[in-house]
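Each protein sequence line maps, in turn, to chains A and B. Last residue of the first sequence? That's 337 in this note's numbering, and every number before it is there in order. Last residue of the second sequence? That's 873 in this note's numbering, and every number before it is there in order.
The set of hints was computed from the structure by calculation and includes no laboratory data. Beta carbons are placed, not taken as given, at the ideal position from N, Cα and C, and that holds for glycine. Check before you lean on any hint, since a few could be wrong.
[To be verified] Computed list of chain B residues with no C-beta within reach of chain A, every gap over 12 Å:
#: 1; residue: G363
#: 2; residue: T430
#: 3; residue: A560
#: 4; residue: A593
#: 5; residue: V607
#: 6; residue: Q662
#: 7; residue: R810
#: 8; residue: K816
[What the hints assert, rightly or not] Computed, partial: chain B to chain A, Cβ under 7 Å:
#: 9; residue: L365
#: 10; residue: E572
#: 11; residue: I831
Okay, here's what each chain looks like letter by letter:
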Amino acid sequence: MFAFLLRRFNLMLSTLFIISLIGFSLGHLFPGDPVENYSGIKEFTYSEYIALTEAYKVDENLVVQYWAYIQRTFSGDLGLSLNSQTPVLDEIKQVLPATVELSVYALLIAIFIGIPLGILAGIKHKKPTDNVLYSFSIVANSIPIFWLGLLFILFLSLNFKLLPMSGRHHLLYEIPNITGFVLLDTLLLQADYKWLALKDAMSHLILPTLTLAMVPITLFLTITRSSVIQVMQTSYVKAAKTKGLSNWKLIRKHILRNALLPVLPQIALTLNTLMTSAMITEVIFSWPGIGNWLIEAIYQRDYPAIQAGLIVVATFVMFMHIIVDVLHTVLNPLIRK
Amino acid sequence: MRQLFYTLSMLCSIAVMLGCQKQESGVLKQGVVYCSEGNPESFNPQLTNSATTLDATARQLYNTLIKFDEEDGSITHDLASYWQVSEDGLHYTFQLRRGVQFHRTPYFIPTREFNADDVLFSFNRWRLKDHPFHDTGGGIYPFFDSVNLGENIADIVKVSDYVVRFELNQADHSFIHQLASDYSIILSEQYGTQLEVLNEFDDIDNYPIGTGPYHFVKYQKDAYIRYYANPNYWEGKPKIKQLVFDITTQSSTRLAKILTQSCDVIAYPVSSEMAILEQSEEIEVQAQPAMNTAFWAFNTIKPPFDNPKVRLALSMAVDKDSIMQAVYYGTAFPANGLLPPLSWAYNPKVKNPKYNPAMAQNLLREAGVPFGFTMNIWAMPTERPYNPNALKMAELISQDLEQIGIKVNVVSFEWTTFRRALSESKHDTVLIGWSADTPDPDSFFSPILSCSATIVGANRSVWCNQEFDDQIRLALNAKDQRARRKHYHKAQEILREEMPILPIAHSMRFQAKSTRVTNLNFSPYSGINFAKVEKH
Chain A
1 MFAFLLRRFN LMLSTLFIIS LIGFSLGHLF PGDPVENYSG IKEFTYSEYI ALTEAYKVDE
61 NLVVQYWAYI QRTFSGDLGL SLNSQTPVLD EIKQVLPATV ELSVYALLIA IFIGIPLGIL
121 AGIKHKKPTD NVLYSFSIVA NSIPIFWLGL LFILFLSLNF KLLPMSGRHH LLYEIPNITG
181 FVLLDTLLLQ ADYKWLALKD AMSHLILPTL TLAMVPITLF LTITRSSVIQ VMQTSYVKAA
241 KTKGLSNWKL IRKHILRNAL LPVLPQIALT LNTLMTSAMI TEVIFSWPGI GNWLIEAIYQ
301 RDYPAIQAGL IVVATFVMFM HIIVDVLHTV LNPLIRK
Chain B
338 MRQLFYTLSM LCSIAVMLGC QKQESGVLKQ GVVYCSEGNP ESFNPQLTNS ATTLDATARQ
398 LYNTLIKFDE EDGSITHDLA SYWQVSEDGL HYTFQLRRGV QFHRTPYFIP TREFNADDVL
458 FSFNRWRLKD HPFHDTGGGI YPFFDSVNLG ENIADIVKVS DYVVRFELNQ ADHSFIHQLA
518 SDYSIILSEQ YGTQLEVLNE FDDIDNYPIG TGPYHFVKYQ KDAYIRYYAN PNYWEGKPKI
578 KQLVFDITTQ SSTRLAKILT QSCDVIAYPV SSEMAILEQS EEIEVQAQPA MNTAFWAFNT
638 IKPPFDNPKV RLALSMAVDK DSIMQAVYYG TAFPANGLLP PLSWAYNPKV KNPKYNPAMA
698 QNLLREAGVP FGFTMNIWAM PTERPYNPNA LKMAELISQD LEQIGIKVNV VSFEWTTFRR
758 ALSESKHDTV LIGWSADTPD PDSFFSPILS CSATIVGANR SVWCNQEFDD QIRLALNAKD
818 QRARRKHYHK AQEILREEMP ILPIAHSMRF QAKSTRVTNL NFSPYSGINF AKVEKH
């Protein structure tokens with residue numbers, strides 16, 4: 001176990017190193033002055049410029065510069081946004097929770113819909129239920145999510161006016177940003193419109209969450225399904241069946257536990273795809289998350305924001321990945337070898 | 338299993354019940370959401386000349402001494418209850434309104450009412466270079482600098498606490514119009530002093546304090562601006578409690594938002610969307626002819642655009658009729674000059690060059706522009722009242738130019754970045770336009786084509802012509818309207834000869850609002866004004 005953790009730690013460090021190298025070189029590769037690209041300050045006085053050149057060691061060789069860059073990054077100094085002139089880190093702190101919230105809900109929905117449906121399809125293998133579910137998952141998996149999002153908006157928002165299509169809540173409900181998670185913040189709200197605001201926030205969540213959850217649902221469905229089919233064919237299941245075990249007991253005791261093992265790592269992998277799809281979903285539903293923010297930064301040629309955004313997103317995804325990986329290994333000792 | 342079934346059906350029925358509760362809550366009725374088209378550059382109109390910023394700030398947060406009447410554009414009182422002009426036109430005396438309160442917010446609590454000190458503070462901030470707040474926010478005041486207002490004001494005298502006198506160097510007909518424009522707002526001197534003590538100078542433009550109907554609560558970039566009603570507003574407390582600007586850059590998203598009732602009012606619906614808006618019974622489209630012009634500006638310091646012949650040739654190569662149809666869908670009329678025909682100073686003899694690609698080609702070859710020459714056209718990323726779709730216009734023009742052997746790259750950035758790069762004159766040519774700040778003809782010339790506009794980076798042609806500058810200056814000092822008209826006619830003739838810009842269209846201005854919202858001011862003479870708005 002120790003060796004395993006060490007290996008993972010090593011992997012993390014080397015990946016972080018590569019990410020930081022990319023972030024560092026972007027400061028030089030972007031058009032314009034490196035001092036401006038790193039600091040994000042638009043107008044300096046001469047003495048400010050000299051002070052920053054000194055601090056960033058821009059006059060010295062690349063290794064020294066890189067070292068200064070790493071020190072800055074670790075102390076949380078990611079520069080100012082060129083456009084708003086506020087620290088990039090503050091902006092990220094404001095937008096990242098929105099993305100995490102959306103991804104977590106989508107993941108939960110995918111788990112609670114995808115896995116049960118997968119089990120159902122696996123058990124009813126080669127029957128109409130299975131055929132319908134399997135075709136559904138293939139169709140849903142092939143729909144690009146930006147198109148799916150637009151379809152949802154067209155039918156559910158514009159034609160039938162059932163659900164709102166953009167933002168996290170109606171702007172007239174004033175929800176302070178305490179945790180950054182809109183549902184939690186609404187629950188913490190001290191106002192007479194608390195429950196109306198909560199309902200409003202929920203209704204704003206439905207479409208983006210469903211859009212984002214669609215691909216993971218199909219993924220979990222197909223993997224659970226094939227895993228259940230495999231387990232069903234093993235001799236211990238056949239033996240239990242011949243012993244006269246009831247169907248429900250058979251599923252619960254023998255099939256579920258064994259079939260769900262290969263699904264777990266899939267959940268971890270999905271997290272990565274979720275982060276990237278979340279960016280697309282955010283743009284479609286004007287969700288104020290990090291994806292929307294990054295794309296806006298790219299439009300505005302906001303180099304410090306692009307650079308810091310990339311680093312933060314990459315680091316975040318990698319951390320999540322490694323945590324899930326470790327958890328998975330703890331749960332399933334077979335993998336460690 | 339049975340238990341599971343019960344729980345599930347319970348959950349389902351709760352969900353259905355929640356869904357049925359469709360009454361609108363009080364909060365939604367007591368606030369108005371305006372879907373605006375972009376981020377404001379600042380919360381102080383003095384620092385900008387963009388209509389987006391004016392709409393977001395001027396008439397919501399502030400008042401001016403005098404203003405344009407919403408109906409007929411005549412000058413009427415705002416914070417000045419009475420004013421007088423001396424016979425030689427050099428002294429303007431204003432009697433100030435008493436009992437006007439500044440905003441009371443968590444960051445500033447006023448202890449005195451509005452008086453002459455606030456007027457002096459607001460004007461001296463941009464007028465006097467040694468004023469403590471002059472350099473805050475960059476020290477550039479595009480509107481005042483481009484009309485040279487600062488140079489013409491000799492002094493502003495505090496006669497008493499409620500009387501202020503402006504003393505001019507030269508009689509200037511547009512002075513009173515400039516004072517009534519959305520830029521000449523009144524800031525709080527007491528707030529300025531507080532910030533000076535705290536050494537937080539920048540806050541004066543980021544956490545604004547004014548006397549207007551709403552006060553600032555929160556601004557989140559790319560997301561929203563939140564204002565609360567000012568309970569002490571001197572014209573009477575607004576009927577709504579909250580005003581929110583929902584910043585939505587895409588016009589199709591704004592359209593969807595008003596259809597789904599996320600917004601009550603939307604800015605700049607584009608011409609191609611009018612049909613959809615008019616179908617809905619809950620939405621009202623307001624339209625009016627506007628004092629604006631869309632034009633194509635040539636960067637006259639970059640060869641070969643420094644040659645008037647080249648500019649004329651390019652102007653001839655553009656098929657304006659197809660632009661009127663494909664971009665404006667009949668919601669504009671073609672321009673013959675910078676000044677719209679509505680203006681009294683319009684010169685009917687000046688006509689745009691006719692569409693003639695063959696002659697354009699000849700002119701280009703004479704000027705030595707080779708076949709296959711490549712240039713760029715910068716197109717605004719966002720729709721403006723004068724131009725609903727600059728990118729499409731740029732594509733149409735580039736097709737026309739291809740006919741005469743010129744290759745075109747269309748360039749576009751996000752709006753704030755775009756404006757910044759423009760003032761650094763990095764472009765070859767740009768499709769942009771101008772909405773007049775005041776009904777005075779001068780507001781079409783001085784702010785965008787004068788030499789002083791070039792210096793502050795507001796002149797998109799980077800064009801400085803002494804003869805033209807003389808004409809517009811003579812017009813301002815002229816004795817009567819007839820003399821002024823003569824100078825403006827001459828100025829328009831110079832523009833036609835030199836072609837620093839090709840005027841394209843004068844567009845109608847539109848605004849769409851939900852029928853639940855009433856009493857929303859929609860005036861051609863100033864930015865949007867929510868002071869009296871009501872929601873049912």
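Tested hints:
1. G363: Label violated. Min Cβ-Cβ 7 Å, cutoff 12 Å.
2. T430: holds (40 Å)
3. A560: Non-interface label on A560(B) violated, nearest chain A Cβ at 5 Å vs cutoff 12 Å.
4. A593: Contrary to the label, A593(B) does not stay out of reach of chain A, its closest Cβ about 6 Å off (not over 12 Å).
5. V607: Consistent with the label, V607(B) stays out of reach of chain A, its closest Cβ about 17 Å off (over 12 Å).
6. Q662: holds (28 Å)
7. R810: Nearest chain A Cβ is 32 Å from R810(B), so the label holds.
8. K816: Given a closest Cβ separation of 45 Å, the condition holds.
9. L365: holds (5 Å)
10. E572: violated (23 Å)
11. I831: Violated. Min distance 36 Å.
Checked against the numbered hints given earlier, this structure breaks hints 1, 3, 4, 10, 11; the rest are met.
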